[in-house]
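Undergrad: What follows is the residue order along each chain.
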Amino acid sequence: MNHLPLIIKREYLTKVRNKSFIIMTFLSPMIMIALIALVAYLSQINNNQDRTISVLDETGVFSEVFTDEEHIKYNYLDNINLENAKDLVSSKEEYGLLYIKKGSDSLSQFESAKFYSEDSPSLSIISSLEGKIEKKLTDLKLVQDGVDIEKIQASRTRITIGQESFLGEKTSKTDSWLKLAFGGAAGYLLFMFIIIYGNMIMRSVIEEKTSRIIEVIISSVKPIQLMMGKIIGTSLAGITQFIIWVLLGGVMLLLVSAIFGIDVMQMQGPQQEMIRQAMESPEAQNQAQELFTAFLNLPLLNLCVAFMFFFLGGFLLYSSLYAAIGAAVDSETDTQQFMMPIIMPLIIAVYVGVFTVIEDPHGTVSTIFSFIPLTSPVVMLMRIPFGVPIWQQILSLAILIATFAFTVWFAAKIYRVGILMYGKKPSYKELFKWLKY
Amino acid sequence: MNNLLVAENVSKHFGDFKALNDVSIAVPKGSIFGLLGPNGAGKTTLIRIINQITMPDKGKVYLDGEALKPTDIQNIGYLPEERGLYKSMKVGEQALYLAQLKGMSKQDAKARLKYWFERLEIGDWWNKKIQELSKGQAQKIQFIVTVLHRPKLLIFDEPFSGFDPINATLIKDEILQLREEGATVIFSTHRMESVEELCDHIALIHRSNKILDGKLIDIKRQFKTNTFEVGLQTQDSEAVVSSIKERFEVLPATFKNLNDDIKLNVKLAENVSSNDLLSFLTSKAEVHHFVEVIPSANDIFIQTVKRN
Chain A
1035 MNHLPLIIKR EYLTKVRNKS FIIMTFLSPM IMIALIALVA YLSQINNNQD
1085 RTISVLDETG VFSEVFTDEE HIKYNYLDNI NLENAKDLVS SKEEYGLLYI
1135 KKGSDSLSQF ESAKFYSEDS PSLSIISSLE GKIEKKLTDL KLVQDGVDIE
1185 KIQASRTRIT IGQESFLGEK TSKTDSWLKL AFGGAAGYLL FMFIIIYGNM
1235 IMRSVIEEKT SRIIEVIISS VKPIQLMMGK IIGTSLAGIT QFIIWVLLGG
1285 VMLLLVSAIF GIDVMQMQGP QQEMIRQAME SPEAQNQAQE LFTAFLNLPL
1335 LNLCVAFMFF FLGGFLLYSS LYAAIGAAVD SETDTQQFMM PIIMPLIIAV
1385 YVGVFTVIED PHGTVSTIFS FIPLTSPVVM LMRIPFGVPI WQQILSLAIL
1435 IATFAFTVWF AAKIYRVGIL MYGKKPSYKE LFKWLKY
Chain B
852 MNNLLVAENV SKHFGDFKAL NDVSIAVPKG SIFGLLGPNG AGKTTLIRII
902 NQITMPDKGK VYLDGEALKP TDIQNIGYLP EERGLYKSMK VGEQALYLAQ
952 LKGMSKQDAK ARLKYWFERL EIGDWWNKKI QELSKGQAQK IQFIVTVLHR
1002 PKLLIFDEPF SGFDPINATL IKDEILQLRE EGATVIFSTH RMESVEELCD
1052 HIALIHRSNK ILDGKLIDIK RQFKTNTFEV GLQTQDSEAV VSSIKERFEV
1102 LPATFKNLND DIKLNVKLAE NVSSNDLLSF LTSKAEVHHF VEVIPSANDI
1152 FIQTVKRN
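In the order they appear, the protein sequences are chains A and B. Sequential numbering of the first sequence, starting at 1035, is according to my numbering. Sequential numbering of the second sequence, starting at 852, is according to my numbering.
Think of the hints as simulated: they come from the structure by calculation, not from any bench. Incorrect hints may have been included.
What the hints assert, rightly or not - Here are the simulated lysine-lysine pairs, DSS-like style, with alpha carbons at most 27 Å apart:
#1 A/Lys1256 - B/Lys1066
#2 A/Lys1447 - B/Lys941
#3 B/Lys941 - A/Lys1043
#4 B/Lys920 - A/Lys1256
#5 B/Lys1135 - B/Lys1157
#6 B/Lys909 - A/Lys1185
#7 A/Lys1053 - B/Lys1003
#8 A/Lys1256 - B/Lys911
#9 A/Lys1185 - A/Lys1136
#10 B/Lys1066 - B/Lys1003
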């Protein structure tokens, strides 16, 4: 008698109808979007503020250095001493006063610069001021030494090293970034999925134990059927939740940016600024083209197939362990001692993925960890965009499946014995004994 | 073969602990079979083996003459001692789910549920969650779920715990009714008065071994001591008592009676018949009470367990 579909259906419906599950499903994306919108909005306000900076330049050298920018206006002060200038700036509630002190330097007469302000000034403004002064002074010195500035500027060169494998596959930095993004997203997704839904499976096993229904159920179905039903049902609920998150998140992101007119996608970070400038330049066409080719260059089919298998394998492997833990204990508070051995390899996998794979996707460390079953799903998913030989993928998958078969056997043993054990917190030694029952 | 369930030489170890040692039982068709024993004797292990929750190390179990197979779960209804239901699941949905796990079709299960809900006076609980019910109400649902799929063999582990006397009687009557309809019942309990009331066969398990089994009435015959409760009314009680004590072995009596002057338990030697005693007594005094002492299940339980 195959009850698996029945069990899967019940597990799925129970999860999906659960109030906190529904609330989390719809609230999480809202909170996330609200947070993003808030941050974007705040940073926009901050950057959009118009500021006026007064400049008291005793040397007169910098008279053309400070020109008005989008949000910063410069106001040169003449014929006024420092004290009066400070009072003036402060009474006009300007952002601050840049004071350039005259010295004995034969060339520029520059001695030092100081910024006076009400509150401590923003770092980016200070460094921008510093940059301007430095550049002017450097130029002056170069001119004095007889160097033609025009020539220096003309001689500045930018290059990009083209990359190509021995087999003739062309790669570029864009490629690498894209690969990293794909691999990282896949690995991280799996990691999150395991943590969130593995725990859910564990809790549902514990619930059956504490509500004492387990013996009734187990007199009708095989423990392994119940366990697999739980794992599959919960995964389906998880996938449902993920899909809703993605859809809802996308729609709301569009909605929010439309309503508030905030370009949420372009947070005002410096890199984004650079990318935007690059995109606006004549090279933009090129860049988009490059991104597209890079995307096509990815081993897309391999990526999809491998993602499915490794994601599934990894999740099933971990969730059977979670189920076993749930069966071994009486309450969630007792799970701690058994959680460590599960969480550790996961965290190691993510660290290896983030630090080693990026540095050297086919190095010894990455390769080894992409074969060890508990870390292989995450690490391998991160490596695959960089092109992993098929035999390695198959070998790793075979190891993963073999381990999964073993953990299911192991977990089913623990499960079968554990679900009927009440009242005592088992030690590892006892768990080992259960295997022989 | 008139036995519905036969367990032959069943043994089970848990690590170093021997839970069952070579236990055999035979449960006749249509009987109510009491599975008795102190806590931790191995009753639950045996029941779990019958339910195929655990596998025996040695020995075989036969249902209706055939070796137990996985589909037999449909023929067994089991009410475990540790029982419960999904707390946040609705009554109707839950009962349907459990019935379907036992191999019933959805329509059949619905019809049967309706029948049982009316029978046990469960009205509009269909959409209530278990956590909204009282303990007794939840127990009723649990009972229904156990018997819903018309199993040939019903196994009840302490079925009356958690019921008030009214509902306990209700459930007891239902169990008897199910037996009338042809079900065989295995009944595990510590409550000897319900054994007395319900069981016609018993088996006693103690420290993993079966130490006693058979028809309750036969066992009682084995355990009888040829003792009679005697209640007499007379003017001269001292003389009468001493004359009885001269001829018979007299034990203190504990039975309750309305107005007898003399209450005695008289134990007869093997060659003396009850008529001899009765005619002797009638010659001495007026006999108001004359009953053979039948050993109670409780006495048999305690005696046997202590002896082993």
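Undergrad: Of the numbered hints stated earlier in the document, which are not met by this structure?
TA: Hints 1, 2, 5, 6, 7, 9 not satisfied by this model.
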